[in-house]
Amino acid sequence: MSDRTVADVVGETLARLGADLVFGVVGSGHPHVTNALVANGARFVATRHEGGAATAADAYARVSGRPGVITVHQGGGLTNAMTGIAEAAKSRTPLIVLAVEPAAGRVDQGALAHAVGAVGDRVHGPASAVADTTRAWRTAVLQRRTVVLHLPMDVQAEAAEPDEVPPAPAMQPPRASDDAVTALAHLLKNAGRPVFIAGRGALCARAEVEALAAAAGALLATSAAAKGLFAGDDWNLDVSGGFATPPAAELIRDADVVVAWGASLDGWTTRHGALIGPDAAVVQVDLEPSAFGVHHRVDLGICGDARLTALAVAGALPDQRQAYRTDEVRAKLRDRGRWRDVGYTDTGDGSTIDPRTLAVTLDDLLPAERVIAVDAGDFMGYPSMFLSVPDHHGFVFTQAFPSIGSGLASALGAALASPGRLPVAACGGGGFLTGIAELDTIRRLGLGMLIVVWNDEASGTGPAGHGLSTVVVPETDLAAIARGHGCAAVTVRRPEDLDPVREWLAGPRELPMVVDAKVTAAHPSWWEAEPFGGH
1 MSDRTVADVV
11 GETLARLGAD
21 LVFGVVGSGH
31 PHVTNALVAN
41 GARFVATRHE
51 GGAATAADAY
61 ARVSGRPGVI
71 TVHQGGGLTN
81 AMTGIAEAAK
91 SRTPLIVLAV
101 EPAAGRVDQG
111 ALAHAVGAVG
121 DRVHGPASAV
131 ADTTRAWRTA
141 VLQRRTVVLH
151 LPMDVQAEAA
161 EPDEVPPAPA
171 MQPPRASDDA
181 VTALAHLLKN
191 AGRPVFIAGR
201 GALCARAEVE
211 ALAAAAGALL
221 ATSAAAKGLF
231 AGDDWNLDVS
241 GGFATPPAAE
251 LIRDADVVVA
261 WGASLDGWTT
271 RHGALIGPDA
281 AVVQVDLEPS
291 AFGVHHRVDL
301 GICGDARLTA
311 LAVAGALPDQ
321 RQAYRTDEVR
331 AKLRDRGRWR
341 DVGYTDTGDG
351 STIDPRTLAV
361 TLDDLLPAER
371 VIAVDAGDFM
381 GYPSMFLSVP
391 DHHGFVFTQA
401 FPSIGSGLAS
411 ALGAALASPG
421 RLPVAACGGG
431 GFLTGIAELD
441 TIRRLGLGML
451 IVVWNDEASG
461 TGPAGHGLST
471 VVVPETDLAA
481 IARGHGCAAV
491 TVRRPEDLDP
501 VREWLAGPRE
511 LPMVVDAKVT
521 AAHPSWWEAE
531 PFGGH
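Quick note on UniProt numbering: the sequence shown kicks off at 1 and runs consecutively.
Errors might be hidden in some of the hints.
Calculated lysine to any residue pairs in the SDA-like style (CA-CA distance at most 20 Å, straight line) [to be verified]:
1) Lys-90 <-> Arg-106
2) Lys-90 <-> Pro-126
3) Lys-332 <-> Leu-317
4) Lys-90 <-> Asp-233
5) Lys-90 <-> Arg-144
6) Lys-90 <-> Asn-236
7) Lys-332 <-> Asp-233
8) Lys-90 <-> Ser-403
9) Lys-90 <-> Ala-127
10) Lys-189 <-> Leu-311
11) Lys-189 <-> Leu-317
Calculated from the structure, these hints are not laboratory results.
In this text the structure is predicted, and so the values were computed from the model without any measurement.
From just these sequences and the hints, can you work out the full model?
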């Protein structure tokens, strides 16, 4: 009889399917399956908290394009990870959560998974271990879902024999109907000011959507989560919504046709609908019909793959049109297309630095090859609007289920997914301290990460116009705290205080660098005004 167990078979199967990096905090219930993953070639990254493991795995999957994997022990291990799992589930991140389950537990772990929008699955026994594990993996990959794979403790200890991974079924992405293609082609043929807004559902369709936009004379924009997708295109408006520059917002508002490619058109992307004109024809292209019109009215819903739909519509269009791509629009984008070109009055006073000046100075200082992970909080507009990224792999924005404290763990996962780029964690003061457990993980792994804290001596986020007595905190020396963790650190009150960062960037960057930037608090987070309008 073999001494192999179900836990061994599950770990081996996941590694054979492609699990190359696993995050987690090893507890009493899952060392065997974790060791099996490592024995079969996967790398295990031990985080300090299960919440950090889930968030790091989410970011790793977003940047690398490969499924993320985490292992958690029963009970508290899973509940600790739930905020990160909820973010991944709402973002449709392909993620496998190996969740150990006690034989007689009093917490319904399956209900937890379902409650946050994840798919719950289970390893039922030795005979089905390979099939169960493979089914969970393919659900994550093919349907872009977060799957909580329950592994009962009594089942994982049973003897099992390895088996061949069943062949993957042939999967074809859905194609838009001929009528839908004709209808969209007709709209674009007659449009004078078309705008395309691409979301995460179009990340694999840049070339095709760009080509169709060129043929239709459309301007290009993205949701915040897809920032960087059209980087380098002359007709790129960057991010739609609260982060849009005044010229970009004006151009989107004046559009007569708006096409959403794999974007939900939620309140963040449309400023609660105010960014799309009442007379504009709105088209939504998505893999799931249930997504149509959830957040914004839709005049034409097209069920289909973004890449294939863009190709089909391009083939149905006549000759290339100018439409919105006029010399006047080109000049507007050239002169004021970036936030740094819009102009502002610097409010730094020597004791604090203007948060916009901090971001602009960093944008000039950092190498172009960078990956930026942005925490939640009132500060988040500054790095999102003023820091450029080379492509969509260079930006991680975990705001589908926002919670301060995700920035360090997101940057950890992004750094491991893109070793050739400078990882940058953008945090607020409260978020930095909330997620500080993973600062030790970052240092322990020797990651040369730049961690920038927009520190306005407050903790929390919320609607503009409310009193600050519940969020203001005494000044905290975050640089000293970072040094205590073994990191390099500097306090910044003026642009010239960033000189140590310049020296650190020159190398060898053996330690993380933490920038405790004391920023002015004179500028409310105006980009949150519309999304919080209903609060």
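Evaluated hints:
{"no.": "1", "hint": "Lys-90 <-> Arg-106", "in the structure": "violated, 26 Å"}
{"no.": "2", "hint": "Lys-90 <-> Pro-126", "in the structure": "violated, 32 Å"}
{"no.": "3", "hint": "Lys-332 <-> Leu-317", "in the structure": "violated, 27 Å"}
{"no.": "4", "hint": "Lys-90 <-> Asp-233", "in the structure": "violated, 29 Å"}
{"no.": "5", "hint": "Lys-90 <-> Arg-144", "in the structure": "holds, 11 Å"}
{"no.": "6", "hint": "Lys-90 <-> Asn-236", "in the structure": "violated, 27 Å"}
{"no.": "7", "hint": "Lys-332 <-> Asp-233", "in the structure": "holds, 14 Å"}
{"no.": "8", "hint": "Lys-90 <-> Ser-403", "in the structure": "holds, 13 Å"}
{"no.": "9", "hint": "Lys-90 <-> Ala-127", "in the structure": "violated, 33 Å"}
{"no.": "10", "hint": "Lys-189 <-> Leu-311", "in the structure": "holds, 15 Å"}
{"no.": "11", "hint": "Lys-189 <-> Leu-317", "in the structure": "holds, 7 Å"}
Of the numbered hints given earlier, the model fails hints 1, 2, 3, 4, 6, 9; all others are met.
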